[in-house]
Amino acid sequence: MSSSWRKEISALFVKEVQSELRGRSGLLNSLLFSLVTVVAVSLATFGHSISATFAAGMIWVALLFASSVALPRCFTLEEEQGTGDLLRLLARPHAVFWGKALYNLLLIFLVALVLGGLFLALVEIRGDRPVIPWLFLLSLLGAAGALAGAVTLCGALVAQAANRATLAGTISLPLLLPVLFLGVNGTRAGLGDGVLETGLTASIGLLCYGVASLAIGPYLFAAVWKH
Amino acid sequence: MLGAEGLGKRYGPRWLFRDLRFTLERGDSLIVAGENGSGKSTLLKLLAGLVSPSEGTISLPTGDARTSLGYSALDLNVYPHLTAIEHLLLASRLRGCEPQVQPLLERVSLTRAANQRIGEFSTGMRARLKLAIAIQAAPKALLLDEPSASLDQAGRELAEEIIKDQRERGACVIATNDKAEWRLGTHVLELA
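Which chain is which? The protein sequence lines are V and Z, in order. So in our numbering, spot 214 of the first sequence is number 214, and the numbers just go up one at a time. So in our numbering, spot 15 of the second sequence is number 15, and the numbers just go up one at a time.
The following block holds chain Z by itself, in its conformation from the complex (with noise of 0.2 angstroms):
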């Protein structure tokens, strides 16, 4: 469903990691680890085509990309001048995929944010419209970059409930340094 084959990734002569193997399958939830600028992220992005990888290969679960991946992380940001009604229904023209506006932003609790522009959200808020938009299409395989960071302990179960929900759909790949959040994977990579 989700791999990767001697892949590896260099930034000028640094090689941040090499030689990379797994391959995930429904249930399978990958837990990416490691030290801050170990390439957590970076695999992350890899995975979801936003960088080229320097050597190797990725597998991608069959389909349109842009349905069969979800994808969440810190660094992505959303429209400040959109609200998140706006986000959904933008998402789901682009991909092609059912908005599902109110089910979704019921999961994530922001229906009664649903019409504030996003420059008036919290980052816990933010990070919730990213897990909404990166489950809209009920992706195949769900890469999460530290899902949990920036969320209180409702928004922390509700990544948890994502995960677990994830793994009966498809696959899932987390990056994270909370070790609690170890027992959502089914694998562990450490990346030195």
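Extracted from the complex, chain V is given alone in its bound form (with noise of 0.2 angstroms):
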């Protein structure tokens, strides 16, 4: 990657950073949600314990949300307060979708480990085997490759239609289907429950997914961006 690619890419990732700590709209609501969530279930089977597998559904649903509250916003909100043209006159929309998306990445493992940490702290669970804690960081971090690359691109891709929210909720269930299936595995892996190399496969599966979405990504975005 040349030097003013990655000049590029790092100064819409430094603006995104900077737009973020002084609005609080994304990172607040998504930790705000999460800590909601871990503490609606931590109520819920207050002294009981609840099955690795299940954790690992609820941690999911919860990562989902949180993520679909935040990142397609990095888009939406760019055309919203009218910053898109300004962004497509200085540009490139490759450096656009790739700052955005690694700020994304940022902004769900940020989200992705506070979320875990706070279910292991606060629930009791209960598997076949002890905790992996390497597994279930790898399942996080899988998690956050995946669902940035997936919800970026389908931020990216939505963020001009005027029935944007319709239209994303359309596009992204193809896009998250498949990180669903594998994220459930990976992070019940992590958690004790499955066979090992299941999880494990699983959880490098999600990196993958991650990599090809970001990678695919601005070459989509960039047929759309202009139009």
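Because the hints were derived from the structure by calculation, they are not lab data. Misleading hints may appear alongside valid ones.
Which bits of chain V does chain Z cover? Going by a derived footprint, with three or more residues having C-beta under 8 angstroms, they are [as the list claims (entries may be wrong)]: (1) 2-12; (2) 81-90; (3) 180-191.
This structure is a prediction, so every number in the text was calculated from the model and none was measured. In this text, a Cβ means the ideal position worked out from N, Cα and C, and glycines have one as well.
Hints are included, so try docking the two chains, each in its own frame, into the full complex.
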């Protein structure tokens, strides 16, 4: 990657972080959503343990909703606040996509870490074997990569559509189904249920999915960015 | 340097304009006039590459359009959470040009508000910042949509200076409803 690309992508990444730190809309909403989910599950299961499989499902539901609250905003917000044209005048579409995807990756990884940590701390989880921290972390990292890739792509494709909310739901369904399937398997194995090898394969699959969507995304985005 | 050949734009069945032709060379300044809704802003957006033409072709200055074209318009928004300095730094890093932060801020009289967030700017201050971003890379063609709107007297004089400087460097297209601004042009294109 040439230095001009690196400069452009890092400039956009820094712009996203600055806007987030000052506007506090995406991260705060996602973290609050995660906290509320974990507290609700913790209160509902107080005095009881839940299976690792069920916990993995709950973590993924929370992660999915937390990410869908924040991630597509990074593109739709540009159109809503009218800054999309400024970006179109100044930046190349590939750099815009990667700058925003990097920011989304950071955001969703932070949310996944907080959500996973809260679940382990506040909810009693019962598995076939003890929690495997490295596999659990790997599944969260894979989740961040796959969700950042899928949701950034989805946000990028629908940003300029008039009925973007409906379109986002329609497009995200086929994009997120494989992520959910792999993610639940990976997290379940990390929490101590299911076959270890399956969990490892699923987590690596998530990472590959993330890489693939981040590699293909800019080309699709470039086709719709200026029209 | 900058031109159009058989240019037309249609929204649904309604043509905003058709068969526009012009060529601008260095030193030329085209005034685009017309009633509200006649397509002045759309024409500038077409030239800036923000809207696709329905027919015809546009010839742009050679080189990367991000540096060879400057564009400023009323409906072009800037980031409310960033400061003026951060905007100029962002624009320069994206375009690969010199930031020239201090000279540009002095030129548009925003030095004292340099570290203020744009959300706290008045409409006129935002217009000045957009002018600074538009001329940052010393573009060969400058597109200004209603450059004097929302500016005070000093701001209008600044816009005129910028247009005069631009004609020494390249070409300029100005969309305006203000007949007093026609004197800034070498050619006039009236859209019906």
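Hint check:
Note: the stretch 2-12 of chain V has 6 residues with beta-carbon separation from chain Z under 8 angstroms; the three-residue rule is met and the coverage holds. Beta-carbon proximity to chain Z at under 8 angstroms applies to 8 residues in the stretch 81-90 of chain V; the threshold of 3 is reached and the given coverage holds. Check on the stretch 180-191 of chain V: 0 of its residues sit with their Cβ under 8 angstroms from a Cβ of chain Z, so the three-residue criterion for coverage is violated.
Of the hints listed earlier, the one the structure fails to meet is number 3.
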